[in-house]
Amino acid sequence: MNSLSLITSCLTLGSTDPHPNVTPSVLYGLGWLYLILFAMNAVWTWKSYHRGRHFRLPEFLGGMDMPNAAVWAMYSIALLLVSVTHLTCASVPEALRWFVMPDFAKSAIDFVVADARRYFAVTTFGFIGMLLLRNWLAKPNVGWVLLNLSLLFLCVSLTDWDFRQIVGKPDNVPIVAMLFIVGFFTWLFFYRANENDRRSALGKGPIEAENNEKVLTWPDLVYTEMICMIAVTALLILWGIALQAPLEEPASAVKTPNPSKAPWYFLGLQEMLVYYDPWLAGVVFPSVILGGMMAIPYIDFNKLGNGYYTFNERKFAITTFMFGFLPLWVGMIILGTFLRGPNWNVFGIYEFWDVHKLEALNNVNLSEYFWYGIGRPLPMAPAGADFWTQAPYILLREFVGFVAIGVYLGVLPMVMAMTVFKKFFLRMGFLRFMVFSNLVLMMAALPLKMVLRWAVNLKYFIAIPEWFFNV
Amino acid sequence: MPPKPKAAPAAKPGSTGDILAAIRAQGAKGGAAGAPVESTAPKAVVASMAAPAAKSGSTSDILAAIRAGKGSAAAPTVAAEAPAAKAAVKPVAAATSGGAKLSVEEMLKAVRGETAGTAAAVPALAVPVKPALPPMPVKPPSAKEKKITVELGRRSLLVICLSPLVLAFASMAGAALLWLLNLARFMFPNVLVEPPTKFKIGPASDYPLGGVSTKWLAARGVWIVHTDQYKGQNLIYALASVCTHLGCTPNWLEGEQKYKCPCHGSGFYINGINFEGPAPRPLERVGIKLASDGQLEVDKSVKFQEEMGQWEDVNSFVDGALA
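These protein sequence lines are chains B and L, in that order.
For the first sequence, numbering that gives the first Met the number 0 gives the first residue as 0, with consecutive numbering after it.
For the second sequence, numbering that gives the first Met the number 0 gives the first residue as 0, with consecutive numbering after it.
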């Protein structure tokens, strides 16, 4: 529906639309949000003024020197005007039609995110882009612009009913906050790491070695801790008052909420359960993740980066960890929280949660691909056969999967040791390298299976439901 | 060395700033121990310490005190030993004798012992005067070379085992074990608050061909299915409403003619065969038969799995022609 026509229908017919995109109270609330944004940028302008950086205008604009603060000041004033307009004209929505997310942008964004394949491609390429552009992204001004853009995106998107439902759910509010926190700390890491990398390129030691002034536990640390404790307690109390706990109807063994979501921090695991068997995705992989993290200090032979931020000196370790954390863990949490809807279908952030949305998910096992591929039926034991008669038939049926897994976890590490990870193998020795390569391969197994599921509808490599053994 | 500012902290007791300053000075003492002697540094320390103490303790004072302390710790201070010590003793003594109230310095002094307390009160006195360590206790000769030389023969082991102490603990452990075993009794409750596993669901004519009845879903957790979609046979059977992936309850979607699980998106055809999402095997059938009074009777105590070939069992379905 056209947003303009929706607004007019809202105005003329009152509250006939059960899912109005724009209402006076929403616009009024957005006014306050823009005001906060203005205040943030006013502070930034003030800091920029004191920093006193200049830039030269292009020739057609006069070519004179301009302080950076001037640009920030103009932007802040624009935000103030937007805020005032929202606060005063909230009851006249058509006056604010320029601050509503346009429909073509909504459909474009939904087109990308309402499909797990495209979503995963975007997060993965975004991750690679972040690593490549880290020097540019870690500049304070760039970071501030990105923060502003994401907040403006949030503001403009809140004019959509479906977006408000999913983002404003009390369950999901902390996850929105988490996204900003993860973004900030990632930025901070690159900011610090770039600084040290620049210094080491000049032959200087890390900044942490220079500013290693020691402070006392009491009062420096204890005071900081106490102030943090008070602040967090106050925040939790305010939060508890402002947002009601999202309680649902009494539990019933025969009625599962649709969609049924795990706690937010387990949504990555829940997403994994879509692709792997419960015993693997629910038991083996989480244990491997925990055990693997504990094994890192014993696997890592790189002595650099100890006690200071750096990227260049630990490229492999940081890239691997960040890939596991950002696209595979945080990315899956976002997918599970904001994009998974009824019947565990994927929905866009501006899309209505239609229980009857149809998504073709017919899946085929590897054994079926193989046996039907060579034009033969699946090997099957005669009806009523006992276990010992059945077992050879089952193993014959699934042998391709066993071979595939064997090659993946048994042969591939050797190939890696001889080719890409030759240096690693020489440094680590056989046993350590096998542990390391198997951990890396198991981590890679998740995106691999996801891609195979999406590309060729692969269900299981090994599918033996008779023995509860599926991989 | 002006004596006045030095006297200030001692004379005006009681602010948190003083306490912090005192602690700071303590810290400075350690840092300054090996530093070269300088006559100007102590002055600075004294001045900075005097400032916060003059006012009573607001938070800013405390912070100032902390900063001042940091300065003194960082600077290569100290200790023109003799004059500082001489100057310091006087005001402290005066404060102690003159004040009716106990000052913080005095309290600290009491806690730390005399030398440390004086050093705390007057930062300039940050001289490492360590109290002599008490002598290490000497091991008594009895503890030195005592070895158990008792030979434990078979007889004496028996004696030990029969000692009253061992007997008492053993019987207590035995009683605790019996009590624990007694808990197993709760595995077999007298009354089971569950609906009976066998129940009548009315005549077969209630379930027309091509329909999935959700009538018994809420109370009993089964769908009654009448379909000819499984191997072309016209059958009525009962499917347990438990997803074979992780045990959620799927929804029967009439429009799409499938069972769809809300947890991970597994989908099953009307006949219960899995076809989409992660569920590894079909839904399970439970027992069903035609009772003597012409009604259908479902028996949830038995289950039949398709992948095990159990759907061929005659107890897992009734003939659809009955409807």
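It should be emphasised that the hints constitute simulated quantities derived from the structure, not laboratory data.
The beta-carbon is built from N, C-alpha and C at its ideal position, and this holds for glycine as well.
Check the hints yourself; a few may be wrong.
Unchecked claim - Below, a list of computed lysine-lysine pairs in the DSBU-like style, where the Cα atoms sit at most 35 angstroms apart:
#  : chain 1 : residue 1 : chain 2 : residue 2
1  : B       : K302      : L       : K288
2  : L       : K302      : B       : K260
3  : B       : K46       : L       : K214
4  : L       : K288      : B       : K168
5  : B       : K203      : B       : K314
6  : B       : K254      : L       : K230
7  : L       : K199      : L       : K299
8  : L       : K257      : B       : K260
9  : L       : K199      : B       : K213
10 : B       : K356      : L       : K230
Unchecked claim - Taking beta-carbon pairs under 10 angstroms as the criterion, some of the chain B residues facing chain L (in silico):
#  : residue
11 : D16
12 : V253
13 : P256
14 : S259
15 : L272
16 : G281
17 : P285
18 : S286
19 : T336
20 : R339
21 : P341
To see whether the hints hold, each was checked on the structure:
1. Restraint check for K302 of chain B and K288 of chain L: the C-alpha separation of about 72 angstroms exceeds 35 angstroms, so the hint is violated.
2. Under the criterion of a C-alpha separation no larger than 35 angstroms, the hint pairing K302 of chain L with K260 of chain B is consistent with the structure, at around 29 angstroms.
3. Our distance criterion of 35 angstroms between C-alpha atoms is broken by K46 of chain B and K214 of chain L, whose separation comes to about 68 angstroms.
4. Proximity of K288 of chain L to K168 of chain B is assessed by CA-CA distance (about 48 angstroms); at most 35 angstroms being required, the pair is judged violated.
5. About 19 angstroms separates the Cα atoms of K203 of chain B and K314 of chain B, which keeps this hinted pair within 35 angstroms; it holds.
6. For the hint linking K254 of chain B to K230 of chain L, the alpha-carbon distance of about 30 angstroms falls within 35 angstroms, and the restraint holds.
7. For the given pair, K199 of chain L sits about 11 angstroms from K299 of chain L by alpha-carbon distance, which is consistent with the 35 angstroms threshold.
8. As the CA atoms of K257 of chain L and K260 of chain B are separated by approximately 21 angstroms, the hinted pair is consistent with the 35 angstroms bound.
9. A threshold of 35 angstroms between alpha carbons decides the hint, and for K199 of chain L with K213 of chain B the separation of about 79 angstroms lies outside it, so the pair is violated.
10. A hinted pair counts as satisfied when its Cα atoms are at most 35 angstroms apart, and K356 of chain B with K230 of chain L qualifies at roughly 29 angstroms.
11. Checking D16 of chain B against chain L: minimum C-beta separation of about 25 angstroms lies over 10 angstroms; hint violated.
12. Interface hint status for V253 of chain B: upheld, as the beta-carbon distance to the closest one in chain L is roughly 5 angstroms, under 10 angstroms.
13. Against a cut-off of 10 angstroms between C-beta atoms, the interface hint on P256 of chain B holds, since the closest Cβ of chain L lies about 7 angstroms away.
14. For S259 of chain B, the interface hint holds, since its Cβ comes within 10 angstroms of a Cβ in chain L; the closest pair sits about 5 angstroms apart.
15. Below 10 angstroms, beta-carbon pairs count as interface contacts, and L272 of chain B has one with chain L at about 5 angstroms; its hint therefore holds.
16. Hint status for G281 of chain B relative to chain L: holds, with the closest Cβ pair at about 8 angstroms, below 10 angstroms.
17. Because the smallest distance between the Cβ of P285 of chain B and any Cβ of chain L comes to about 14 angstroms, over 10 angstroms, the interface hint for this residue is violated.
18. Because the beta carbon of S286 of chain B sits about 17 angstroms from the nearest beta carbon in chain L, more than 10 angstroms, this interface hint is broken.
19. The interface hint given for T336 of chain B is violated, since its Cβ lies 15 angstroms from the closest Cβ of chain L, which is over the 10 angstroms cut-off.
20. For R339 of chain B, the shortest C-beta to C-beta distance to chain L is roughly 8 angstroms, which falls under 10 angstroms, so the interface hint holds.
21. Among the interface hints, the one on P341 of chain B holds; its C-beta lies about 7 angstroms from the nearest C-beta in chain L, closer than the 10 angstroms criterion.
Checked against the numbered hints given earlier, this structure breaks hints 1, 3, 4, 9, 11, 17, 18, 19; the rest are met.
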